[in-house]
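J.: Sequence:
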Amino acid sequence: PAAAAKKAAAPNIRPMMTKSKLAPNQLAFNPNVSLSERPAISLTIAILTNTIVDYELLSDHTRSGCALGLPSGNGEVSGDLAIARFIAKRADSGTLALLGGSDEEDVALMDQWVDY
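Numbering-wise (the numbering used here), the sequence shown opens with residue 290 and increments by one.
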């Protein structure tokens with residue numbers, strides 16, 4: 290009976306932790322790469338959303354691109370555009386205009402132009 294009760298209990302499943310050298314909210318990039326490989330758009334979005342003080346800039350000469358440590362400590366987001374979208378989505382609702390608004394079609398059109 291005790292073994293059956295143990296077996297019936299739902300397992301506690303947590304998301305798999307990924308290895309990341311970055312602490313939460315650290316934005317790392319290699320200062321020796323070209324400007325196109327630096328997080329220029331991410332930093333611009335952080336400034337426009339008034340959240341730049343939430344992030345710590347880290348010079349990492351071993352990285353080929355830029356990355357942001359997730360606030361949960363569960364991994365990192367890589368790539369300037371992905372980081373920029375993440376920052377914009379985390380900001381307060383007044384910044385939805387940066388993403389194209391709340392309409393999914395408008396957001397898709399904004400994404401299209403950002404990716405262009």
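No lab work stands behind these hints, which were simulated from the structure alone. Hints should not be assumed to be uniformly reliable.
[As the list claims (entries may be wrong)] 20 Å max Cα-Cα, derived EDC-like pairs, lysine to aspartate or glutamate:
#: 1; residue 1: Lys310; residue 2: Asp343
#: 2; residue 1: Lys310; residue 2: Asp349
#: 3; residue 1: Lys378; residue 2: Glu365
#: 4; residue 1: Lys378; residue 2: Glu393
#: 5; residue 1: Lys310; residue 2: Asp392
#: 6; residue 1: Lys378; residue 2: Asp392
#: 7; residue 1: Lys378; residue 2: Asp349
#: 8; residue 1: Lys378; residue 2: Asp343
#: 9; residue 1: Lys378; residue 2: Glu394
#: 10; residue 1: Lys378; residue 2: Asp400
#: 11; residue 1: Lys310; residue 2: Glu345
#: 12; residue 1: Lys378; residue 2: Asp395
[Claimed, not checked] Computed spacing ranges between beta-carbons, pair by pair:
#: 13; residue 1: Ala397; residue 2: Ser367; range: 19 to 27 Å
#: 14; residue 1: Glu394; residue 2: Asn321; range: 17 to 25 Å
#: 15; residue 1: Asp343; residue 2: Ser367; range: 14 to 22 Å
#: 16; residue 1: Ile336; residue 2: Ser367; range: 15 to 23 Å
#: 17; residue 1: Gln401; residue 2: Ala329; range: 15 to 23 Å
#: 18; residue 1: Thr351; residue 2: Leu324; range: 12 to 20 Å
#: 19; residue 1: Thr333; residue 2: Ser361; range: 29 to 37 Å
Think of the CB as a built atom: it goes at the ideal place given N, C-alpha and C, for glycine as much as any other residue.
J.: It remains to establish, for every hint, whether it holds in the given structure.
T.: Do the hints match the structure? See the list:
| no. | hint | verdict |
| --- | --- | --- |
| 1 | Lys310 / Asp343 | holds (18 Å) |
| 2 | Lys310 / Asp349 | holds (10 Å) |
| 3 | Lys378 / Glu365 | holds (16 Å) |
| 4 | Lys378 / Glu393 | holds (14 Å) |
| 5 | Lys310 / Asp392 | violated (36 Å) |
| 6 | Lys378 / Asp392 | holds (14 Å) |
| 7 | Lys378 / Asp349 | violated (26 Å) |
| 8 | Lys378 / Asp343 | holds (14 Å) |
| 9 | Lys378 / Glu394 | holds (16 Å) |
| 10 | Lys378 / Asp400 | holds (13 Å) |
| 11 | Lys310 / Glu345 | holds (14 Å) |
| 12 | Lys378 / Asp395 | holds (15 Å) |
| 13 | Ala397 / Ser367: 19 to 27 Å | holds (22 Å) |
| 14 | Glu394 / Asn321: 17 to 25 Å | violated (41 Å) |
| 15 | Asp343 / Ser367: 14 to 22 Å | holds (19 Å) |
| 16 | Ile336 / Ser367: 15 to 23 Å | holds (21 Å) |
| 17 | Gln401 / Ala329: 15 to 23 Å | holds (20 Å) |
| 18 | Thr351 / Leu324: 12 to 20 Å | holds (19 Å) |
| 19 | Thr333 / Ser361: 29 to 37 Å | violated (24 Å) |
Hints 5, 7, 14, 19, counting from the list given before, are not met by this structure.
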